[in-house]
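Residue numbers (the working numbering), protein chains in the order written: chain L, 511 to 903; chain B, 236 to 577.
Worth flagging that the hints you see were computed from the coordinates, not collected in a lab.
Don't take every hint at face value.
Some chain L residues flagged as far from chain B (calculated, every beta-carbon gap over 12 Å) [unchecked claim]: (1) V691; (2) A733; (3) P891.
Only some residues are given here: those of chain L computed to face chain B with a beta carbon under 8 Å [as the list claims (entries may be wrong)]: (4) M581; (5) I584; (6) L883.
All residues carry an ideal CB built from backbone N, CA and C; glycine is no exception.
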Amino acid sequence: MTQESVGVGPTQPLGEAPAPSPRRERKAALLVAPEGLIARHRGSGVMARTAVPAFRTTYGFISHNFPAIIMIGILASVLGVLAQGGPTLMGNQMRNALVLGAIYALIAIGYTMVYGIIELINFAHGDVFTLSGFYAFLIADHFGINKLAASSGFGLLVALVVIFAVSMLLAGITGVLIERVAYRRLRDAPRLAPLITAIGVSFLIEGFMLAFFGPDNVTTHQASWINGNAFTLGAVAVRWTDLFVLGMALVLMFALGAFVTRTRLGKAMRSTAQDRQAALICGININRTIATTFFIGSALAAAGAIIYSINYGSLKWNLGFHVGIIAFTAAVLGGIGNIVGAGIGGFLIGMIYVFGGSLAGGAWSESLIFAILVLILTFRPVGLFGVDVASRS
Amino acid sequence: MRNPLLRHATVCVALAVVLVLLTYVFDAFTDYKIAGVAIFFIAAAGLTVLTGVNGQLSLGHGALMAIGAYTTSLLLKEQPQLPMILPLLAAIVSTGVAGAVIGVAAARLRGPYLAGATLALAVGLPQVAVHYGSVFGGNQGLPVPVPTPPSALGGDFPNERWLAWIAIAAALITLFLLANLVSGATGARLRAVADDEAAASLAGINVARIQVLAFVVSAACAGLAGSLFAYWVGLTAPSGFGLSVSLQLLSAIVIGGLGSLSGAVLGSFLVVMAPFTISDLAGNLNLSSDVANNLPLALYGVVLIVTMLAFPRGIQGALFSLWRLAKRNLRRPQAPTVSTTA
């Protein structure tokens with residue numbers, strides 16, 4: 511009895527963390543597959559059962575305070591960078607981290623939405639990101655948008671609106687098309703079948719981009735659209751580009767949040783994610799709802815790609831592969847299926863990537879991300895926010 | 236033949252005879268491709284046990300193959316004269332141990348989280364080889380000597396045929412062992428855990444232990460395949476074991492038919508041979524070199540999509556339903572249910 515009360519399980523939190531009631535958990539399953547959650551209470555965990563109580567307590571402590579530990583880790587690395595390079599380096603890196611985080615967040619949302627609604631790791635999503643970057647590149651180069659953007663302040667505004675609207679639309683259509691051709695027919699097939707078509711779609715898009723844009727970096731001209739610094743904080747110059755990129759990402763994310771929580775279609779999406787059969791019985795058009803999910807996810811990836819090319823000025827055929835894997839990590843970090851979690855996870859991964867990489871050496875950035883992923887999965891497989899943040903229904 | 240042991244042994248011996256004879260019929264390059272299919276099959280068969288039979292999704296088998304390959308090449312770097320069997324065994328043991336460690340962690344994870352963890356393994360592990368370049372040879376990798384046939388086979392015996400023989404032998408031994416494992420009591424336990432963990436647990440099965448066992452068996456196969464892969468390529472480099480290898484293994488077992496070893500054979504054949512065939516085709520089409528070089532990736536994607544859409548249960552599943560259909564129609568030729576156009 512006493513030993514049991516020392517042992518910490520998910521329903522027995524240490525310290526101040528309140529135990530989520532089962533009722534709240536069920537309600538909170540916004541876009542989360544129940545079998546994705548660890549079956550720890552069933553006793554299938556090796557560690558939970560064979561380890562000595564002291565180890566179990568430590569494990570439980572880390573597991574429960576994992577968000578705090580991640581935050582402390584990030585804060586420590588920020589302070590480490592501050593100690594190493596002074597406030598200028600820290601400020602510059604903070605700016606880089608936020609911009610990178612915004613891109614990851616926009617892509618991670620697409621992964622998490624698609625997983626939430628059809629339980630598919632959409633391997634093609636990273637390539638949709640790159641492809642829509644190329645859409646924007648082609649539009650900007652072939653319809654005089656670059657000239658328009660350089661002409662005047664108003665021209666720039668029009669150019670931005672056009673490029674975002676058209677590319678996001680095209681990307682959305684691409685996403686819907688992919689779902690229609692490669693995934694819909696396999697919705698009731700064995701669960702791994704759509705995963706393989708997703709890999710196939712990924713290869714197809716990559717091969718297509720390789721054939722049309724070549725194996726090297728392609729320079730996009732959007733990088734020169736927005737010039738100059740908005741203001742300087744000490745020695746840290748904040749460019750207009752940074753403000754625009756960050757603002758755009760945040761606006762899109764809040765718009766998505768409003769869409770999912772406030773509209774009928776958003777409600778349909780949430781109920782389809784929760785229980786497709788029940789949603790069908792309630793008269794929800796499942797096909798349209800899933801298509802909408804793909805449209806939104808791909809459109810957000812397109813926004814991320816435009817932001818990427820505005821900020822970094824180049825694209826490459828296999829860019830989406832790596833960016834996609836890191837964004838997937840962000841989605842898992844936030845708790846896959848959890849839209850808000852994916853957004854926050856994206857920014858956290860951006861911080862870890864930039865600050866961790868700055869301290870450990872740039873070559874380690876990605877290894878660090880995957881080490882974090884392994885830590886999350888070891889100590890807190892449901893992600894930082896588990897299922898309860900996204901519940902607004 | 237009621238005795239499965241005898242049946243499996245007969246099938247394997249028959250396959251061995253046929254394949255060895257085929258290596259005499261074909262030219263050296265085809266032998267080389269046959270060796271590739273056999274090596275790929277070993278890893279795919281291991282993954283079938285894990286993902287198909289036991290229901291644990293792994294996106295990280297390429298990394299396990301890398302462990303086997305690096306074990307082999309590091310051993311050969313120190314002791315170039317070792318007989319080939321020793322590096323192979325060392326690779327099986329080291330990868331099996333790695334599989335046990337990963338399996339213990341993986342037994343706690345389900346669905347996308349297991350996929351995420353193994354994905355991290357697939358992407359992260361090859362980077363270790365780059366970071367510790369002094370040991371692992373960095374991006375250039377470590378060279379592996381070509382296995383030379385024993386002199387008893389004659390002076391002009393091609394290296395490719397010898398490699399194909401070794402690969403075929405290893406593949407058939409793997410097939411024999413795994414077929415026995417899957418059709419026996421352990422196989423029943425593996426499937427029970429895949430179907431319903433709670434029910435399996437109530438039936439007295441130690442779920443975690445079975446899951447770790449599946450990972451160890453699967454990893455050992457991947458290690459053997461990785462080791463042979465190093466000999467096949469003649470080089471162990473991080474780029475050879477990227478995520479794409481893991482994804483191809485997964486494609487092979489799903490396209491072949493998930494959970495069936497003969498499906499793994501079909502899938503391996505398709506996945507290894509398709510790129511060669513597509514490259515030949517693209518080369519014959521008189522396209523500009525840019526497109527011709529890059530088309531295979533896109534076409535390979537199309538092959539994956541079309542095969543999956545046509546046979547959602549894999550080729551093996553399609554053949555099986557075809558067989559059942561044919562049997563029913565043969566028994567009752569007047570049955571009106573099936574039209575010829577369907």
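* Could you work out which earlier hints the structure fails to respect and list their numbers in ascending sequence? => 1, 3, 4 and 5
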